[in-house]
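Going down the list, the sequences are from chains U and F.
Number 266 in our numbering belongs to position 10 of the first sequence; there are no gaps in the numbering.
Number 1096 in our numbering belongs to position 534 of the second sequence; there are no gaps in the numbering.
Where hints are given, some of them may not hold.
Quick list of in silico lysine-lysine cross-link-like pairs, DSBU-like style, CA-CA up to 30 Å [stated by the list, open to error]:
| no. | chain 1 | residue 1 | chain 2 | residue 2 |
| --- | --- | --- | --- | --- |
| 1 | F | Lys1178 | U | Lys330 |
| 2 | F | Lys1023 | U | Lys341 |
| 3 | U | Lys341 | F | Lys592 |
| 4 | U | Lys330 | U | Lys341 |
Honestly, the hints are just simulated from the structure, not real lab data.
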Amino acid sequence: MEFFKQNTSINFMALRKWAMSLSALVALLCIVTLSIKGLNWGLEFTGGTEVIAAFPQAENLETVRSTLEQAGYKDVKVQSYGTAKVVLIRLGGKQEDMENKDIGKEVVAHLNGATLQSTAYIGPQVGKELATSGALALVLAMLGTAIYIGFRFEYRFAISAAVALIHDPLIILGIFSYFQMEFDLTSLAALLTVMGYSLNDTIVVFDRIRENFRKSRKGTPTEIVNLSVNQTLSRTIMTSGLTLLAVLSLFFFGGETLHGFATAMVVGIVVGTYSSIYVAGALAVALGLDRRDLLPTSRDTPDDTP
Amino acid sequence: MNRYPAWKYILVVVVIVFGIIYSLPNLYKKDWAVQVSADSTHTLDDNTLNTVRAALASQQIQYSQVEKMASDSVTYHFANADVQLRADDVIKDTLGEGYTVALNLAATTPKWLQSIGAEPLHLGLDLSGGVHFLMAIDVNSLITHRMQAAERNISDSLRKNGIRYVGLQDTQNGISIRAPDRATADKISAVLSQDYPEFTRTLTPDGQQWVIMANLSEQARADAQNFAVDKTLSVLRKRIDELGVNEPIVQRQGVDRISVDLPGIQDTARAKQIIGGTATLEFHLQDVQHDAEQAKETGLIPPGTTLYPYTPAGITQAIPVLLQDRVVLSGSSITNATTTMGEDGRPAASITLGGGGEAAFYRITGENIGKPLAIIYVETALTPVTVNGETQYTQRKNERVISIATIQSALPSTFQITGLSSIKEANDLSLLLRAGSLPTPVAIIEESTIGPSLGAQNIDKGVFSIEVGFIVIVIFMMIYYRFFGLLADIALGMNLVLLVAVLSFLGATLSLPGIAGILLTLGMAVDANVLIFERIREELRNGVSPQASIQAGYERAFSTIVDSNVTTLIAALVLLMIGTGAVKGFAVTLTIGIMTSMFTAITGTRAIVNLIYGHKVRLTKLSIGI
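For reference, chain U alone in the conformation it holds in the complex (with noise of 0.2 Å):
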């Protein structure tokens, strides 16, 4: 089975400043939606109450949580709590709203025959530490991955990579800002593998990109990138299009937890596989990329006569 009997000769590269004008847009959108509304940081990140209820009998711990999101909680976890019977049920909000309200007599009035057992603030799971070292290491892999492109490519690529890099999880983020899902560790997860995805793509399309620098001598830097992407094409949509199947199928099948993840994912991969053509691709050749920055040096290729 073939997708292309032939190379295809679409011309990617016509829309490319179209393209580089939405990105930039959306990216701006994505700051401004973030600078005011923020993110909805999940049950990890802020702290909120637990509340151990007993039931008569076993209880089945998903209705105890579709029951309460229904009752307008938000990022309900509920665990079993020793026995079956006993459930331990985590609740987001801010440690000012709990401390005013009953909640755990609420929480419990909703669920059928539980009786309360303890009602407590939890502080956040996750400590400052998580955010200042994530976002360090962040900074800090970005960086790297910036010199070793720079060191086996060439800084322009280097410098599109970077922005790639950046421009898939804001779009995300964004979008968890603007419809304020839950961000919780397991989005976090996500935005992590998403950008592993992105920066996998972006360096397939590099690739392909420096060896027709270096095979064909005629061609404009527009031209070669075209061919690349082309060239490329079956890889991208069997690659994207296996990856994403995959992950349809964690938003379908994977229940209300992995929601957030799914949908992480679903976006990043679309975002990732579009950012390596039109982001990584396209800037490289705005950079002023040209055949000469890509040709091998002499001591490159001492190998290549027999």
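On the provided structure of chain U, position chain F as indicated by the hints.
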């Protein structure tokens, strides 16, 4: 052209066998268990085990397996959580003090796998739950200490300011200071407001005299409490980290509680001993001017000293000693401690001082050369008592003089202490000293197993959805790339087995972020094969012979795969080194996954391709979907 030397085939086979064996333990289920550990002063002999067996039998509690973990630790396996909880109560009641009884989830790895070090993956709290401890902090004793210290300081500063007061005492409501007249009372109030702004003051006349009640303000109380809780949180985190427990959750709960969640299949009994541990050291000078024997007989203890029993090494009978109350050095000045062997071949601890305490210690020991210095091992037990529906705590200090030695010279900041009763005691003490001491004792007031925080049903759904995604990919690869697709599928399966084996072997904890990392590496493994196969197809379309196409396809795709994997690996390594918690969990699986996936996707598939196509001289067609 497409032949591998024999060693490469052997390498692939060896790696696959390793992967299968070390991922095997993950196929066995986990049991609800209760772990029993003896404290340093007790042993788990046959008698004790028989008592437990009889007690369980009398309550008709059946266990499926008894597993001896070490000389002083035993694990009982039970059928379900209800039986486990009942058994926990029975064993606790039977053994009483001297033993730590803790709930646990135990692996049922067969002996032969255990003997080669094969253990199942530790699953995080989000995926499999674990053990939950609720600890209470004795805030009242903290406030009491604070008030006692303030009382001394206030009396000092009043004296320094030349203010004469009639009386000063620490009462239930605060510190009460009695002044002879109004003018003095105002002066006292002024000193208090300037030097002790954290105290509220109320002045009331009492005949000619005035009484000033100084009490800690609500804000100061709350600050003291928050400080104690925060400090306890950080000490507990350090202790659990020292224990090597992966991905615990330590969080504040309510005003004065801390909850500690530990993932299952770890040494929960030891964790329980360590998180609640209060062992520390105090150094006191011995009072040699008074006769300790006489003090013991008459009961007249010289002021400023305390009588202790002391059992020197090699002597069975305890002798009384008088020690000065003044603490020369306390555990809080110790920044590092490790277990060593003393010159007498008995366990010892090597101590390093820091944080400013070492200078004072050097000076005091220098001033007291020739005098005996005693080291006391101090443990504080905090027991909750419910009085009129309110929980109060009683503290009991357990002190033991472990050694008395004559100071030969001013002691430097690193030295060794001896007289510890066992290696375990030395280990635990060293760990507690390293992690820092708690600001105030804590008590474990609740203990329970908890289910996975993601919810069991959600995990089932998640697993189902991943299976569906996996099967779709596997089928599609076979349809699209035919035989080569099958190879990629085999490589993908091998990658998963290998990755799980390495993670299990390293004792890593897998939680959801880790699974995200695995998904990414599986995606990259698929991508690596897609890149190779697309290159082979390109070569075939260009009319290159099948054998040459295979060679060229692998070779050309190789640099792309290496570049993309190395770039991701750099990012993963940075996250691994700097990140904590979820970020780290993601980085661990990603780092290992990139390495295993490069091996299976490139070397693994190539080995099979070479084995099948390599020797065919007249190969005209490849089963690669075109």
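Evaluated hints:
Between the alpha carbons of Lys1178/F and Lys330/U the distance comes to roughly 64 Å, so the proposed pair goes past 30 Å and is violated. Of the supplied pair hints, the one linking Lys1023/F and Lys341/U holds, its CA atoms being roughly 22 Å apart against a limit of 30 Å. At roughly 20 Å between alpha-carbon atoms, Lys341/U and Lys592/F fall within 30 Å of each other, so this suggested pair holds. With a C-alpha separation of about 23 Å, the suggested pair Lys330/U and Lys341/U falls inside the 30 Å cut-off, and the hint holds.
The structure shown violates just one earlier hint, number 1.
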